[in-house]
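Undergrad: Chains as they are written, first to last, in this note's numbering: chain F, 1 to 393; chain Z, 1001 to 1060.
Take the hints with a grain of salt, since some may be wrong.
To give an idea of the chain Z side of the interface with chain F (calculated C-beta under 10 Å), a few residues [as the list claims (entries may be wrong)]:
{"no.": "1", "residue": "S1010"}
{"no.": "2", "residue": "V1018"}
{"no.": "3", "residue": "G1048"}
Derived list of chain Z stretches under chain F, where covered just means 3 residues or more per stretch with a C-beta under 8 Å from a C-beta of chain F [claimed, not checked]:
{"no.": "4", "region": "1026-1036"}
{"no.": "5", "region": "1040-1047"}
Derived CB-CB ranges, DEER-like [stated by the list, open to error]:
{"no.": "6", "chain 1": "F", "residue 1": "R355", "chain 2": "Z", "residue 2": "L1029", "range": "40 to 46 Å"}
{"no.": "7", "chain 1": "Z", "residue 1": "L1056", "chain 2": "F", "residue 2": "V157", "range": "27 to 33 Å"}
{"no.": "8", "chain 1": "Z", "residue 1": "L1052", "chain 2": "F", "residue 2": "G208", "range": "32 to 38 Å"}
{"no.": "9", "chain 1": "Z", "residue 1": "A1040", "chain 2": "F", "residue 2": "E211", "range": "18 to 24 Å"}
{"no.": "10", "chain 1": "F", "residue 1": "T266", "chain 2": "Z", "residue 2": "L1056", "range": "55 to 61 Å"}
Honestly, the hints are just simulated from the structure, not real lab data.
In this text, all values refer to a predicted model and were calculated from it rather than measured experimentally.
Note that the Cβ used here is the ideal one computed from N, Cα and C, for glycine as well.
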Amino acid sequence: MVGTAGGRQAVPTMSNENPPTENDPAPEPEEQAAGEQPAAGEQPTTEQAAPRRLYRSRGDRVIAGVCGGLARYLNVDPVIIRVTAVALIFAGGAGLFLYLAAFLLVPNEKEGGQPGDPPRRGLVIAGAIVLAIAIGALLPFHGGWWGGWELLPLGFVALAGLLVWRLATGERPQGDARAIVRATVLGVVLIVVCVLLAFGSAWAAADGGDEAVAGIVLAAGLALVAGAFVDRRARWLILPALAVALPAGVVAASGLDVTGGHGERTYRPASSEAVRSAYHLGAGKLVVDLRGAHLTPGDHRIELRLGVGDAQLVVPPDVCVSTASHLGIGGVEVFQHDSGGIDVEWRDERRAAARTPRVVVDAKVGIGAFSVHHTEDQGWHDESGVPGNEACA
Amino acid sequence: MMRGRPDLPSAAAGVGFVVFGAVLLFDALDVVDLSFAALAPLACFLVGAILLASGLARRG
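Bound conformation, chain F alone (with noise of 0.2 Å):
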């Protein structure tokens, strides 16, 4: 294979005083990269040498190769170029559109060490823009030149599709600019996806639809299961059904529901007989205000359901309150006494004095809080008035 090294052809130089046999290892691609790569068309001689090329490095990329092929021609270590340019980010987000301009203007490696073509004009165009925006981010102006801040947001967005799209795929970006942005553009899309998923997910879930949403989780699992065995490209469906499993967890937990309607809602019955056993709302503010029922002496059994919200039972200070609530995420505050956190349980079992009404109350709030005060909107840890709960034995 005399004449051919790491699959081009050879080029006689002036000074064939060893000329390339068998035995000679093919030179390595880095250091074709460092500038022994003749340019096309030219006949490199002792004299001229050839000008040292920058492209994105093929073997040594996290997204597209730019750290990788700058650090191979400035001869550095990868990592310092890449941690410089994690630090630009913070330099009103300079870091990122200058990654993108040499992204758009740098020509990408080519099988073998082979410097690519020169990017076309529409991407010189689009890569001398982000440049000027680069430039822009990084002028002493409040917020840079161009609100390089506020276009960031836009670049992170782009910079998560491409590790959704290499996490989807398990596979690193490799080609040339085109096929870079189209699994940008991908990953995007199937973030987008994935948020409606998951607000869909959780929303159907809370209302009512938990046990179709845990057969699509059922089935998205026995569709991977089946295609682990016929196609690879089944992984594709594992983060859409993350989307779908996990909120839907998250609603079970919380014990969430939405059924029973939206909004704010205010009870006050005007005798003890109006007093319902149960008031349910799904989210919003349900407020259940006792203080002109009157109630009789013996036990008034209410049960109170919200979704996601802020529940409060007001009641008159000559009454007994015994309490027993559950929330999925929230706090509880009885009186002077609250606790908080995930999974909450609160139980207050109170006995009344002879001849004094009590109520028995039965909460369950999935996200929120529940409260019980002798006074409506009472702030919380509000220490001022009657302690509460003093007509219990």
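Starting from the known structure of chain F, fit chain Z onto it as the hints suggest.
TA: For chain Z alone, coordinates are given in the frame of chain F:
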């Protein structure tokens, strides 16, 4: 059609989703009462299994 070994990440994720879906279904049918104390390790198991299987597959 794929020949040879099954795709490990897909298989691990599939088994995880079947378990997760079954738990969700049991909760919906009031067979079990799912709480965050049970959900958190279950979700960690699911995500961890997928990541572990992906890492092992890449290594292989």
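Undergrad: Would you mind marking each hint as holding or not holding in the structure?
TA: Hint-by-hint comparison with the structure:
1. S1010: Holds, because the Cβ-Cβ distance from Z/S1010 to chain F comes to roughly 4 Å (cut-off 10 Å).
2. V1018: Holds - the Cβ of Z/V1018 comes within 10 Å of chain F, reaching about 4 Å at its closest.
3. G1048: With a minimum Cβ separation of about 12 Å from chain F (threshold 10 Å), the hint on Z/G1048 is violated.
4. 1026-1036: holds (count 6)
5. 1040-1047: Check passed, 4 qualifying residues.
6. F/R355 / Z/L1029: 40 to 46 Å: Holds - the Cβ-Cβ distance for F/R355 and Z/L1029, about 45 Å, lies within 40 to 46 Å.
7. Z/L1056 / F/V157: 27 to 33 Å: Since Z/L1056 and F/V157 have Cβ atoms about 31 Å apart, the given range 27 to 33 Å holds.
8. Z/L1052 / F/G208: 32 to 38 Å: Since Z/L1052 and F/G208 have Cβ atoms about 35 Å apart, the given range 32 to 38 Å holds.
9. Z/A1040 / F/E211: 18 to 24 Å: For Z/A1040 and F/E211 the Cβ distance comes to about 23 Å; the hint holds.
10. F/T266 / Z/L1056: 55 to 61 Å: 57 Å, holds
In summary, the structure is inconsistent with hint 3 from the numbered list given earlier, while agreeing with all the others.
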